[in-house]
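Sequence lines, in order, name chains L and R.
Quick note on numbering: the working numbering labels position 304 of the first sequence as 304, and the sequence is numbered without any gaps.
Quick note on numbering: the working numbering labels position 46 of the second sequence as 46, and the sequence is numbered without any gaps.
Please keep in mind that the hints were generated in silico from the structure rather than gathered at the bench.
Yeah, the Cβ is synthetic: ideal placement off N, Cα and C, and Gly gets one too.
Treat the hints with care, as some may be off.
[Claimed, not checked] Within a straight-line C-alpha distance of at most 20 Å, the following computed EDC-like cross-link-like pairs (lysine to aspartate or glutamate) qualify:
{"no.": "1", "chain 1": "L", "residue 1": "K298", "chain 2": "R", "residue 2": "D19"}
{"no.": "2", "chain 1": "L", "residue 1": "K213", "chain 2": "L", "residue 2": "E143"}
{"no.": "3", "chain 1": "R", "residue 1": "K31", "chain 2": "L", "residue 2": "E143"}
{"no.": "4", "chain 1": "R", "residue 1": "K31", "chain 2": "R", "residue 2": "D19"}
[What the hints assert, rightly or not] Output of the computed footprint for chain L on chain R, the stretches with three or more beta carbons under 8 Å from beta carbons of chain L:
{"no.": "5", "region": "2-15"}
{"no.": "6", "region": "32-38"}
{"no.": "7", "region": "41-51"}
{"no.": "8", "region": "58-71"}
[Said to hold, decoys possible] Some chain L residues close to chain R (C-beta under 7 Å, calculated; not the full set):
{"no.": "9", "residue": "L245"}
{"no.": "10", "residue": "L315"}
{"no.": "11", "residue": "F327"}
{"no.": "12", "residue": "I329"}
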Amino acid sequence: MIKNVKISNYQLGMLIMGFLFGSSAVMNPTIQVAQDAWLAYIFGLVQGLALIWIYVKLSLLNQGQSLIEILKTHFGKYLGTMVSLLYIWYFVHLAALVLRNYGEHMTVTVFFDTPEVFTMGCFALLVGYCLRSGLEVTARAAEMLMPYLFLFVLAIFLLLAREYDMQNIFPILENGLAPVIKVSYSLLTFPFGEMVAFLMIFPALSSYKSLKKVTLLSSLLMGLILLGITLRDLLSLGPDLLVRLVFPPSLSTELIPELQLEPLISVNLLLGGWIKITICLYAAALGIVQLLNINEYKVLSFPLCFLCVALAIWLYDDVFQMLDWAFKIYPFYVLPMQIIIPILLLVISIVKNLRADKA
Amino acid sequence: MITKLIILLVIAMIIVLLDFPQLLQAKSNKKIIIFYSILLISGFVLGTLLILDRAPQSPVIYINRVLNFFLGI
Numbered sequence: 001m002i003k004n005v006k007i008s009n010y011q012l013g014m015l016i017m018g019f020l021f022g023s024s025a026v027m028n029p030t031i032q033v034a035q036d037a038w039l040a041y042i043f044g045l046v047q048g049l050a051l052i053w054i055y056v057k058l059s060l061l062n063q064g065q066s067l068i069e070i071l072k073t074h075f076g077k078y079l080g081t082m083v084s085l086l087y088i089w090y091f092v093h094l095a096a097l098v099l100r101n102y103g104e105h106m107t108v109t110v111f112f113d114t115p116e117v118f119t120m121g122c123f124a125l126l127v128g129y130c131l132r133s134g135l136e137v138t139a140r141a142a143e144m145l146m147p148y149l150f151l152f153v154l155a156i157f158l159l160l161a162r163e164y165d166m167q168n169i170f171p172i173l174e175n176g177l178a179p180v181i182k183v184s185y186s187l188l189t190f191p192f193g194e195m196v197a198f199l200m201i202f203p204a205l206s207s208y209k210s211l212k213k214v215t216l217l218s219s220l221l222m223g224l225i226l227l228g229i230t231l232r233d234l235l236s237l238g239p240d241l242l243v244r245l246v247f248p249p250s251l252s253t254e255l256i257p258e259l260q261l262e263p264l265i266s267v268n269l270l271l272g273g274w275i276k277i278t279i280c281l282y283a284a285a286l287g288i289v290q291l292l293n294i295n296e297y298k299v300l301s302f303p304l305c306f307l308c309v310a311l312a313i314w315l316y317d318d319v320f321q322m323l324d325w326a327f328k329i330y331p332f333y334v335l336p337m338q339i340i341i342p343i344l345l346l347v348i349s350i351v352k353n354l355r356a357d358k359a
Numbered sequence: 001m002i003t004k005l006i007i008l009l010v011i012a013m014i015i016v017l018l019d020f021p022q023l024l025q026a027k028s029n030k031k032i033i034i035f036y037s038i039l040l041i042s043g044f045v046l047g048t049l050l051i052l053d054r055a056p057q058s059p060v061i062y063i064n065r066v067l068n069f070f071l072g073i
C-alpha cells in the first residue's frame, strides 16, 4: 500500500461526486424508457446506494486494505492474483471507455473537424500529469473545481425553466414496470457500480470514521443531481426526441434563448471525465504495483495513458456501436466485477470477523 | 501514414525520456521496468496496428460473443 497518500473526507466526497458525474451526465441509459426515465433513475439510485453501501462495508471490515490486498487476503495468492488482474484490466478498460465517450462527445458536438485521437490525446496528457502528481493533487484540484460543475448544472437547469412541459412525463408506466426495472439495472452498473474503483482509494482516507456518511451522502447528492439532469432533458425535449438523441444535454442547452451554453456541458464532461479516468487509472496503477509488491506507481502514469488512448480508439468503430455496447452489453459484462465478487468478499469478511470475535 | 507512425514513435520516446530519471531511481528496478515496458510496447504496437489498419478485432466484440454464448444477449 502507498502509505503516505492521504486525502480528507471533503476531498473524497468531491472525488466521488465527480466520478459519478463522469460521462453519465451526457450518456444516460435511462433515456431508453422515454417518459419513465426519471422513475428508472429513482429505482437505479436506490439500488446503487445499496451497492455502494456494500463497498463501504467491505472497506470498513478490511480497514487500511485496498481491493487488491483484500482479494489476496481472502482468495489466496493464486486466485487472488488472477482476480486482481481481472480488476486491473477492468479499470483500464473503464478508463478507455470514458475517454472514448469524451472523444465522441467532443467530435459530435464541438470539435467537428478535429481528429478524435488528438482530442483524446490532449485529455490523456492532462490525466497523465495528474496521475504523476499523485492522488492528493487530483483530490485538491477536484475540491477546487467541482463547485463550478454544480454551478453550471444549476445555471442550465434554471435557464431552461421556461421550456419545461410537465406533460412530457405522462403517461407514466405506459409499457409497464418491466422495462423500467431493466433500465434501472443498467443505471446500477453505470455509474453506481463503477464505484468499485474507490475500494482502491478508501485506504488513502485520513480517517475511516466518516467513510460511510461521506460516501453515501455524496453518492446520494450526485444521484439527485443526475436525476435533475434527466428530468431537465425529459421536460425540455420531450420523450419522443429524447430516445432519438445521442447526447441529449447538448440539444437541451440550445433551447435557451439568446445564450450559447453548450460549451458548459463539455466543460462539465471534462471535469467529471477527468476525475473518473484519473481514479480508474490510479486504481489500475496501484493495483499493478501492489501485485508486484513495489512502492512506486507514478512512473506507470504515462504508459498507462498511452495504452488507454490506443485502447479507446480500438474499442468501437463508431458512436452507435459505443451506445449499443454501453446500454446493452456493459451491464452484463461488469456483473462479476461490480456485484458478484464484492458480495462474495463481503460475506467472507463477515464470516472471518465473526470467527475472530468468537475466538 | 508514415507521418502518423513517426508521431507515434516520437510520443513513445518522449514518454520514455520523461520517465527515465524515475525509472533509474525506482527501488525494485527490474519489476517496474518490465511492467513499464509491457504497457508502453502494448500501446505502441496497438497504435501502430491501428495506423496500418491491421488491428485485430476489438475486445468489445469478443466480450459480446462470450456474453451472447452464455447469456444469449
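Checklist entry - Hint numbers the structure violates, sorted upward? => result Failing hints, ascending: 3, 9 and 11.
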